[in-house]
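Asker: Here is what each chain is made of, one letter per residue.
2 protein chains.
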Amino acid sequence: MAVDSQISSAPQSGMRDFLPREVRLRDWATAIITATYEQFGFTKIETPCLENIALLKRGDGGENLQLIFEVLKRGEKLDRVLGSIKDSENNGGESRHSKSLKEVRQDLSDMGLRFDLTVPLVRFYSHNQQNLPSPFKSIQIGSVWRAESAQQGRFRQFTQCDIDIFGVKSELAEIELLQATSEALVKLGFEGFTICINDRRMLSSLARYCGFEEERFESVFIALDKLDKIGLDGVGHELAGQGHKEEAIANLRSLLVTMAEATGTSEQQLETLAGKIAADSAVSQALKNIMSVVMKNADGRFNVQFEPSLVRGMGYYTGPIFEIKYPGYNYSVAGGGRYDKMVGKMSGRDVPACGFSIGFERIIGILMDEGFEPPAAMERVALIFDENRDQLPDVMAAAANLRARGMAVVVQSKKKDMRKQIDQLPAQGIAKLCLFKGDVENLEIKPL
Amino acid sequence: MAVDSQISSAPQSGMRDFLPREVRLRDWATAIITATYEQFGFTKIETPCLENIALLKRGDGGENLQLIFEVLKRGEKLDRVLGSIKDSENNGGESRHSKSLKEVRQDLSDMGLRFDLTVPLVRFYSHNQQNLPSPFKSIQIGSVWRAESAQQGRFRQFTQCDIDIFGVKSELAEIELLQATSEALVKLGFEGFTICINDRRMLSSLARYCGFEEERFESVFIALDKLDKIGLDGVGHELAGQGHKEEAIANLRSLLVTMAEATGTSEQQLETLAGKIAADSAVSQALKNIMSVVMKNADGRFNVQFEPSLVRGMGYYTGPIFEIKYPGYNYSVAGGGRYDKMVGKMSGRDVPACGFSIGFERIIGILMDEGFEPPAAMERVALIFDENRDQLPDVMAAAANLRARGMAVVVQSKKKDMRKQIDQLPAQGIAKLCLFKGDVENLEIKPL
Chain A
1 MAVDSQISSA PQSGMRDFLP REVRLRDWAT AIITATYEQF GFTKIETPCL
51 ENIALLKRGD GGENLQLIFE VLKRGEKLDR VLGSIKDSEN NGGESRHSKS
101 LKEVRQDLSD MGLRFDLTVP LVRFYSHNQQ NLPSPFKSIQ IGSVWRAESA
151 QQGRFRQFTQ CDIDIFGVKS ELAEIELLQA TSEALVKLGF EGFTICINDR
201 RMLSSLARYC GFEEERFESV FIALDKLDKI GLDGVGHELA GQGHKEEAIA
251 NLRSLLVTMA EATGTSEQQL ETLAGKIAAD SAVSQALKNI MSVVMKNADG
301 RFNVQFEPSL VRGMGYYTGP IFEIKYPGYN YSVAGGGRYD KMVGKMSGRD
351 VPACGFSIGF ERIIGILMDE GFEPPAAMER VALIFDENRD QLPDVMAAAA
401 NLRARGMAVV VQSKKKDMRK QIDQLPAQGI AKLCLFKGDV ENLEIKPL
Chain B
1 MAVDSQISSA PQSGMRDFLP REVRLRDWAT AIITATYEQF GFTKIETPCL
51 ENIALLKRGD GGENLQLIFE VLKRGEKLDR VLGSIKDSEN NGGESRHSKS
101 LKEVRQDLSD MGLRFDLTVP LVRFYSHNQQ NLPSPFKSIQ IGSVWRAESA
151 QQGRFRQFTQ CDIDIFGVKS ELAEIELLQA TSEALVKLGF EGFTICINDR
201 RMLSSLARYC GFEEERFESV FIALDKLDKI GLDGVGHELA GQGHKEEAIA
251 NLRSLLVTMA EATGTSEQQL ETLAGKIAAD SAVSQALKNI MSVVMKNADG
301 RFNVQFEPSL VRGMGYYTGP IFEIKYPGYN YSVAGGGRYD KMVGKMSGRD
351 VPACGFSIGF ERIIGILMDE GFEPPAAMER VALIFDENRD QLPDVMAAAA
401 NLRARGMAVV VQSKKKDMRK QIDQLPAQGI AKLCLFKGDV ENLEIKPL
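Line order of the protein sequences matches chains A and B.
Going by the working numbering, the first sequence opens with residue 1, and the numbers climb by one from there.
Going by the working numbering, the second sequence opens with residue 1, and the numbers climb by one from there.
The set of hints was computed from the structure by calculation and includes no laboratory data.
For each residue, glycine too, the CB sits at the ideal point set by N, CA and C.
It cannot be assumed that every hint is accurate.
Sample of chain B residues with no beta-carbon within 10 Å of chain A, all distances over it, derived [to be verified]:
#1 20
#2 176
#3 222
#4 225
#5 236
#6 248
#7 251
#8 266
#9 280
#10 301
#11 362
#12 368
#13 437
#14 438
What the simulated footprint calls covered on chain A by chain B, stretch by stretch (three residues with Cβ under 8 Å from a Cβ of chain B suffice, anywhere in the stretch; the number is not a length) [as the list claims (entries may be wrong)]:
#15 284-296
#16 306-315
#17 375-383
Same shape as in the complex, but just chain A (with noise of 0.2 Å):
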């Protein structure tokens, strides 16, 4: 027989193969959180995997630009991109058609896979719009790709799980997307986690009160996005490193420390720098609003906590950014925030929108760390019937008695080592077994 064998049967690297135990999991994860988004009024889209190499790589989505799994042209097309190269060369780079390896490179791909679900989503909401209720309020469960190092163990498909609200402009989207989240993640058997909550605007007040140059914010928002991992003594190293200004450096670290030893609730929290950095009132009693509706319906098996340096890596964010921190897990299991501009920015015409997307694959992760198992929704039987008694008719139809009971039939035939056979049933979920004996209507089914 001829092997392929020089072809390796694992899945790509950084690709994962699942097993019907983890498939198992993860379809009882999405379909809680998919119910308990559904009674928050959200209703599930779809939008294909590949998009316009174009509308990937605008913009927006920051380092996820470098990581985009670029999908070949093909036919006509590709020959022509690759008859540009010879051109050039033979022209010496000086031919009308010619083009540098660079562009060439640049014109390979017409499509990517996409790296996250909002960026399809800006483009399913432009062009669907007209057929959408105003307010529009999404469901996506879906995989997405990213060219990542797989050495570092960090998966290059991978399932993100969000929601969206477009046309909300009130803070009743974020209260809404805070709540329906939590409220998942609860269902989903997590307690004791905290949403953290900033905004934008808060954090452009802070950066001004401390004396940093206007047109240099973004950068000061990304050292302090690294505050958790690199410290307040980092950030300020970072900051320096920049040529921001010393003085403006020393004021943030000041203020952060202050902040840091604050004590009162959130609210009062907020209330303070709100004050001292002189935000704009409406959107810090926006912020107050939205943490006192969130707070009143933690009932305690959740926090919610104002978090000043909390910054989210995406610039599309314009106001309230949140993330939920998990006790024990040093990263977020969930995030988003208001990104008013990206609707514009594709069909021109400004739609407030607010997202929140929680880490599916991060969730599964503390799931199995923690050796969950989720309830089975039917009950597993073997039907072992000796094949050597031509009954197949008959088996058939004592398989059937049993589903028609609820019961999920595995029918087997005998093997020769029946005991070695039925020790492996438990490993497929399987509990109770039933050995044929020629009789469809009585059929005895003994626990294993």
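Chain A is already provided as a structure; the job is to place chain B on it using the hints.
Answerer: Same frame as chain A, now just chain B:
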């Protein structure tokens, strides 16, 4: 505002956005199919969407190999490939490292999007066999991609829905596949469909009996596969054009005419043909067993029919093959068969294998043609409040009360034209309305 007006907001050619209503139908169908297959003892697995390009291109995929979306190599690997073009050109193609553009073309990608779920499944089984039960019965529901001509209205991303059984030599496998799939179709509301059955080995006996050359059987089958579309004359013409013996073609024609005119049950027809063409009696006996057990289970809801000209496109089938036809549609809604040699090609050790695939997009298309609406999981209620009154905390408490009563709640602030706002609710699947009047507990819910 800077608008990227040059980037269309439409999905890429041949790909689709799914709005909430269509997702609801697709998810409903998926849930029905999955639950049915689970009752038959199958369990769900998942593989990555990207596979090694060498694996995908290895063969067995027929014309699908021409339709693979290939993923561009990244970073240094890509630079090296593009660099080799320069080498080639500078050295007049004689450098040791030089490559023709055709070679470069083949070297540009390292992965591809899967074009079906069978090739990845065989890789999955080869890789994970030691962690899987034997026999192993899998469910796969997932997207596949093919660079089909979008002009002809073909989808370039679509869902496949497969069940497969590994490790069962006997016709128990075929029977379970056919029973599970027909049961799923019945539960989706399909009745009166016909399961057509044949066997690749019967086809070989038939070609041998007619006098075709043994080594050219495959081309006979490819022509015969078109019988539905081009008729008996067309098949004869195609075979003649390929230089097959006139006498063999005449024999085939007369045999097919005889079969088409034959009366009696499928089992009788099978017996007559098997006798005439001297088919292996074990083969025809197994086929008869399959038909009779599945027929017994049909209970008037569908038909089972021996179809001596059924071929199925893929070259990898080795035994029984089957297809399901639904009245009024000229394409099959499900297809599959036995492929005992495919695992061996990957792992070096043959494992009996058999699969059946529901044409998910076709099923959904028919359900939409028929105007089918899946039952709603939850009642959707609109909770409308007057935003000016700043009652967000109470409104959210009211919404929580409605959710606790099992409803899906869509909270909306009152628009200026409330009549229009209410008129738009039914299109969102909302049948009931609750106008918030300040009382969190006493909520009046009215039908629209």
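Asker: Tell me, which hint numbers fail for this structure?
Answerer: 1, 2 and 16
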